[in-house]
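Spelled out from the first residue to the last, the chains are:
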Amino acid sequence: MIDGKLRAVAGIDLSLPRLDILHTSPTVSSARNLIGEFFEWFGDLGVFIWQVVRAAVTPPFEFRELFRQLDEIGSKSLPVVALAGGAIGVVLSLEARHSLTRFGAKSLLPAAIVFAVLDETGPIITGLVASGRLGAGIGAELASMKVTEQIDAIEASAVNPYRLLAAPRILACILMLPLLTLAADFCGLVMGWVAQTLVEPISFYRFINDGFKGATFNDLLPPTFKTAVFGLIIGLVACFQGMRTRGGAVGVGRAATSSVVLSSLFVILADVVLVKIIIAFFP
Amino acid sequence: MEREKAGEEGNAPVVAVEDVHKSFGEQKVLTGVSLQVSRGETLAVLGRSGSGKSVLLRLIIGLRKPDSGSVRIHGQDIAGLALDRLGEIRIRMGFLFQYGALYDSLTVEQNVAFPLQHHKKEMSRSERGGRVRELLAEVGMERDMEKMPSDISGGMQKRVGLARALALEPDILLLDEPTAGLDPISAAEICDLVLTLQEQHHMASIVVTHDLHSAKTIANRLILLHEGTIAIEGAFEELQHSDVEFVREFLRDS
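These protein sequences, in sequence, are chains A and B.
Per our numbering, the first sequence starts with residue 73, numbered consecutively.
Per our numbering, the second sequence starts with residue 22, numbered consecutively.
These are calculated hints, taken from the structure and not from any lab test.
Heads up, the beta-carbon is just placed ideally off N, CA and C, and yes, glycines get one too.
Wrong hints could be hidden among the right ones.
Computed, partial: chain A to chain B, Cβ under 7 Å [stated by the list, open to error]:
1) Glu221
2) Gln222
3) Asp224
4) Ala225
5) Ala228
6) Val231
7) Asn232
8) Gly325
9) Thr329
Partial selection, computed: residues in chain B whose CB lies under 10 Å from chain A [claimed, not checked]:
10) Gly83
11) Leu84
12) Ala122
13) Ser126
14) Thr128
The following residues of chain B were derived to be distant from chain A, with all beta-carbon distances above 12 Å [to be verified]:
15) Asp197
16) Asp213
17) Glu258
Next up, chain B with everything else stripped away, as it sits in the complex (with noise of 0.2 Å):
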C-alpha cells in the first residue's frame, strides 16, 4: 500500500521495468532491458520490426511474462501474480492494441461499454451510456456509436480502440504503434489525439512505434531498442546528436 502510494507521488515511476530478458526458443528478443516511466511522462520505444518492442509492451501489462528480471505497476512486481490480482492492478491500465483488437461481434458502442459493464457495475445503464458518448467525443467516433468494427477504417478502429482503453480513466497508457498503417493525415490526427488525451489526463504514456515523426511528436523522452537491449536513451535532440553508428543510421533511414 505504502508502495502504491509512493508510486502515485511526485515523480516516483509508475512503470519500472528493470534488467528484462525475454527469448522465444532460441531467439533472444531482450536481453536486459530496463526503463522507467513517471506520470505525466511519455516515453516511445523506437526500434526496428521485429526488435522486441512490441514484446516489451506485453511484458508491462502482464500478458507476457519476462524469462528473468522485473517488471514493477506502482511499486508492485506483477510477475507470478494471479490472473484476477494482475486484473487489480490492470484495471489502472490503458492498452491500445496494434490493430485495434475491437471484439469484431460488438458494436463501437458496446466496444468502449465492455470495461464499464465489467468494473464499474455500480454506473446505471444511462450513465455507462452518456460516459461512452464522452468517450467517443473525445476520440471523434461519436457518429458511428452503432456501426460494427468491421464497417470503420483502421485509423477509425485505433480511435475507438484509444476511447476503450480511455474507459476506466488510466493513469498508465500503452499504445503499440498507434501510426502503423494509416496515411499521413490521419497518422497526424492520431498523435494530436494523444498529445490532447496526455494533457488532459496527465498519464504515464509509454508509446511503441517505429515511425520516428510520431515519437518525436508525441514523446517527451525516447528509448532505441537494438539487438536485445536499449541503444541509446534520451530526449530527440540527444537522439540526433549521437556517435552510436545504429542510432546515426535509423535517424538516417527513419
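Chain A on its own, in the form it takes in the complex (with noise of 0.2 Å):
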C-alpha cells in the first residue's frame, strides 16, 4: 500500500499495462511466429526424414526410379558441374600464378593449383553448382506435382510417395555428387594446366607429375567423399521443400528458390564441419 502511494508519489508506473504492450506488439508477434516457424520446420523435416528413411529400407524399392534420377541427376548435371570447375582452374592459374611470383615461389604453382582443387575448390563448386542446378529443378519439379495433387494421386493409388519420389532423388544425389567432383576436378585441373601453358609453355605430364609430389590418397579421397553429405543436404532439402508446397504457381516458385537458398546455405555450413573433420582424422 505503502509502496504504492511512493510510486505514485514519484510519478512511477509499474503496472502490468507495459507488459500488455509487449504481448501485443507486432515486433514481438512476429518473432515469436518465426521462432514457431522455426521450429515447425525442423520438427517437419525430422519427420520427412523418418518417412525417408523407413520407406528407403522395406520393399518394395524402386530401382527403376532410382537407375532414371542416375541418369537426370549424374548426366545432366554433368556439363555445368565440369564447366564450373574449368572455369575455377583457370581461376586459380591466373591468381596463384599472380602470387607466388610475387613470392618467388613459382615453381609451386602445379602444386597449388592441384591442391586447392583436390581438396577445396572442386567439391565445394561442385556443391554449390549442384545446389543450385539439383535444388531448383528438384524442388520445382515435386512442387508441382504436390499443387496439382499428383503427390496425392500417387498417394490414393497406394503407392508410397517417399518411396517412389523422395528416396530415390536423394540417394542418386548422394551417390551421383562424388562421381561429379571427380569431374570437376578433372575439368579443374586440366583447365588450370591450359591456362597455364598458355603463359608459360609446360607439358601436362610434367604439371601433373610437379602437382601430385607429396600428395597422397587423403588429398583426394576424403575431400570427394564429403560430396555425399553434400549430395544428402541438397537431395533432402529439396524433396522436403518441394513435398510441403502450398499455395499454386506461387508457392512452386517459392519452393524452388527456398531449395536453392537453404541447400546451398546448408552445403556451406556443413563444408565447415567436415573441412575440420578431415583435418583431425586425415591430417
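Two chains, two frames, a set of hints: combine them into the complex.
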C-alpha cells in the first residue's frame, strides 16, 4: 500500500499494461511466429526424414526410378559442373601465378593448383553448382506435382510417395555428387594447366607430376567423398521443400527458391564441419 | 479379418464415417459428420463451395487425418495407420481427383498403367497393355493412348483419371467433382459413364459435387453439408420435400 503511494508520488507506473504492450506488439508477435515456424520446419523435417528412411529400407525398392534419377542427376549435371570446375581451374591458375611470382615460389604453381582444386575448390564448387541445378530442379518438380495433386494421386494409388519420389532422388544425389566432384576436379586441373601453359609452356605430364608430388590419397578421397554429404543435404532439402509446398504457382516458385538458398547455405555450413573432421582424422 | 469379411457381406457398410471433426487453424470445416455407404450404393455429397465436401473425401481415403472421430474402411479404422498399411487398404479404393491429377510426365497409357505396374507385378507387359486398353475403351479414350495429359481436354483428363481409378478393380470409388468445369454435354457423358461403371462393377461410390443435376442422376442417396454438419440425408425426393430453410434455398438456387 505504502509502496503504491510512493510510486504514485514519484510518478512511476510499474503496473501490468507495459507487459500488455509487449504481448501485443507486432514486432514481438512476428518474432514469436518466426521462432514457431523455425521449430516447426525442423520438426517437419524430422518427420520427413523418418518417413524417407523407413520407405527406403523396406521393400518394394524402386530401382527403376533410382536409375532414372542417377541419369537425370548425374549425366545432366555433368556439363555445368565440368564447366564450373574448368573455370575455377583457370581462375586459380591466374591468381596463384600472380601471388606465387611475388613470393618467388613460381615453381610451386602446379602443386598449388592441384591441392586447391582437390582439397576444397572442386568439392565446394560441385556442391554449390549442384545446389543450384538440383535444388531448383527437384524442388520445382516436386512442388509442381504437389500443387497439381499428383503426389496425392500417387498416395491414393496406394504407392508410397516417399519411396517413389524422395528416396531415389536423395540416394541419387548422394551417389552422384562424388562422381561429379571427380569430373570438376579433372576439368579444373586440365584448365589450370591450359591457363598456365598459355603463359609459360609446360607439358601436361610435368604439370601433373609436379602437382601431385607429395600428394596422398588423403588429399583426394576424403574431400571427394565429403560431397556425398552435400548430396544428402541437397536431395533432402529439395525433396522436403518440394513435397511440403502449398499455394499454386507462387508456392512452386517459393519452393524452388528456398530449396536452392537453403541447400547452398547448409552445404557451406556442412563444409566447415567436414573440413575440420577431415583435418582431424586424415591429417 | 472377420471385420473385413463382415464389411464385404450383405449390406454391411464398407465405408463408415463416425462423428468426424476437422479444422484448419481457427476454421472449423467439419463438426461431427457421420455417414455409411454399402456395396452397390452411390452416395452424393452436396454442399456449397468450401463446405468441406472435398475434405471429407480426403479423410475417407486417408490423405488427411480427422481431428476426432473415426473413418472405417471395411471395418478397419484407418486413423494412425502407417503409410504402407494404409496402402493395403487404398488398393481397394479408386479416387478421381477434381482436376484429374494425371501424371504430367507420363502418357495417357502410362498413367492408367501406373497402379498396375506397382500392384500387379505378376502381370506381363502384354497383359498389362491389354488391361490398359480395356480400361481406356471403357471410358472411350482408347484412341488417345499415346497423348500427353497436356494435349487432351479437361473432360478427357477426367475420363483417363476415372480409368486409372478403376485399374485395380476397387470396391470403393470416390469421385471429387466429376463434372465440375465441364460443358453440359461432357458432364452428362461423365454421369452416364459413372452410372454404367457402377452397374458393371457394383462398387460403393461416394460422389462429391455441387451440381445437383449430376447428383440426382448418379446417386441413389444424397447428403447436404452445411456449416460442417449434415443438413439433410435421403433420396432426392426427400430433399425436395424438406422444410429445412437451407435445403430449400440450396435446391432453389441449384
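Handout entry: Per-residue hint verdict: A:Gln222, partner chain B, C-beta under 7 Å
Key = The hint holds - A:Gln222 has a Cβ within 7 Å of chain B, the shortest such distance being about 6 Å.
Practice task
Go through the hint on B:Leu84 and say holds or violated, using the shortest Cβ distance to chain A against 10 Å.
Solution key: 5 Å, holds
Practice task
With a cut-off of 7 Å on the beta carbons, see whether A:Thr329 makes it to chain B.
Solution key: 22 Å, violated
Practice task
Would you check whether B:Thr128 satisfies its interface hint, that is, whether its CB is within less than 10 Å of any CB in chain A?
Solution key: Cβ of B:Thr128 sits 15 Å from chain A, so the hint is violated.
Practice task
Classify the hint on A:Ala228 as holds or violated, based on whether any CB of chain B lies nearer than 7 Å to its CB.
Solution key: Hint on A:Ala228: holds, closest Cβ of chain B at ~4 Å, below 7 Å.
Practice task
Grab the minimum C-beta distance from B:Gly83 to chain A and call the hint holds if it beats 10 Å, violated otherwise.
Solution key: 8 Å, holds
Practice task
Grab the minimum beta-carbon distance between B:Asp213 and chain A and tell me whether it stays above 12 Å.
Solution key: 24 Å, holds
Practice task
Verify the interface restraint on A:Gly325: the C-beta must sit less than 7 Å from at least one C-beta of chain B.
Solution key: Violated, about 18 Å.
Handout entry: Interface hint status, A:Val231 versus chain B (Cβ within 7 Å)
Key = 5 Å, holds
Handout entry: Status of B:Asp197, Cβ more than 12 Å from any chain A Cβ
Key = Per Cβ check, B:Asp197 is inside 12 Å of chain A; nearest 9 Å; violated.
Practice task
With chain A as the partner, please determine if B:Ser126 meets the hint condition of a C-beta pair closer than 10 Å.
Solution key: Hint on B:Ser126: holds, closest Cβ of chain A at ~9 Å, below 10 Å.
Exercise for the section: Compute the least Cβ-Cβ separation between B:Glu258 and chain A, then decide whether it is above 12 Å. Expected result: The claim holds: B:Glu258 sits with its nearest Cβ about 33 Å from chain A, beyond 12 Å.
Comparing the model with each numbered hint stated earlier shows that hints 8, 9, 14, 15 do not hold.
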